[in-house]
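Start counting at 1 in the sequence shown, then tack on 827, and there's your number in the numbering used here.
It should be emphasised that the hints constitute simulated quantities derived from the structure, not laboratory data.
Backbone N, C-alpha and C define an ideal beta-carbon position, used for all residues, glycine too.
Certain hints may be false.
Stated by the list, open to error - The following label-pair restraints were derived from C-beta to C-beta distances:
| no. | residue 1 | residue 2 | range |
| --- | --- | --- | --- |
| 1 | Arg933 | Gly850 | 21 to 31 Å |
| 2 | Pro936 | Ala831 | 17 to 27 Å |
| 3 | Asp833 | Asn928 | 25 to 35 Å |
| 4 | Arg933 | Gly872 | 25 to 35 Å |
| 5 | Ser896 | Arg937 | 28 to 38 Å |
| 6 | Arg937 | Phe888 | 18 to 28 Å |
| 7 | Leu927 | Ser968 | 20 to 30 Å |
| 8 | Pro936 | Thr966 | 31 to 41 Å |
| 9 | Ser968 | Arg929 | 40 to 50 Å |
| 10 | His862 | Gln904 | 28 to 38 Å |
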Amino acid sequence: MMYAVDGKDEIVEIEDLPLPASGAPMPLILADDQHLMLGYEIAPGGEELAVLRFPHSLAHFFGPPNEESWRGHPLAQRGLTPGGVYEVRHSSWCRALERLNRVHPRHDPRRYDRYRHFVFAFHDETFECIAEEVVLAATLSNGEKARASLLAVMAEILR
């Protein structure tokens with residue numbers, strides 16, 4: 828879901844999470860209605876991978892833009908660049924989700940105060956999500972075995 832930004836969106840680089848490998852970090856998402864995980868290469872060739880968990884995720888998006896069409900991203904003019912990991916403070920997307928829910932009979936706008944907007948700008952695609960937090964669940968560094976077992980590791984962490 829692309830969203831329109833207003834003057835409130837603020838881009839902050841997240842420095843304590845691993846950056847994706849340059850080129851094609853081969854991101855993988857595992858999600859259901861209660862869990863969301865993201866895995867990606869942090870070293871070329873699958874030698875090292877990161878697995879992130881997003882507790883209490885509300886929504887996520889995976890797809891365009893890629894690095895070549897990055898200028899089309901609604902936050903590109905705010906400092907969002909390819910190859911980075913970011914949080915969007917005062918997120919227009921999060922505020923849009925809150926407005927969408929206002930028709931609910933027990934809607935409480937304060938519920939949305941706890942959610943944060945995260946952006947992972949990969950080479951070939953973009954991953955964005957609204958969740959309470961992001962947690963580095965694991966790093967893997969055993970070459971081909973790491974890539975082959977990434978989905979299994981993610982499933983195990985979910986248990």
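Now the hints, each set against the structure:
{"no.": "1", "hint": "Arg933 x Gly850: 21 to 31 Å", "in the structure": "violated, 47 Å"}
{"no.": "2", "hint": "Pro936 x Ala831: 17 to 27 Å", "in the structure": "holds, 19 Å"}
{"no.": "3", "hint": "Asp833 x Asn928: 25 to 35 Å", "in the structure": "violated, 19 Å"}
{"no.": "4", "hint": "Arg933 x Gly872: 25 to 35 Å", "in the structure": "violated, 50 Å"}
{"no.": "5", "hint": "Ser896 x Arg937: 28 to 38 Å", "in the structure": "holds, 37 Å"}
{"no.": "6", "hint": "Arg937 x Phe888: 18 to 28 Å", "in the structure": "holds, 24 Å"}
{"no.": "7", "hint": "Leu927 x Ser968: 20 to 30 Å", "in the structure": "violated, 41 Å"}
{"no.": "8", "hint": "Pro936 x Thr966: 31 to 41 Å", "in the structure": "holds, 37 Å"}
{"no.": "9", "hint": "Ser968 x Arg929: 40 to 50 Å", "in the structure": "holds, 46 Å"}
{"no.": "10", "hint": "His862 x Gln904: 28 to 38 Å", "in the structure": "holds, 33 Å"}
Hint check: violations occur at hints 1, 3, 4, 7; the rest are consistent with the structure.
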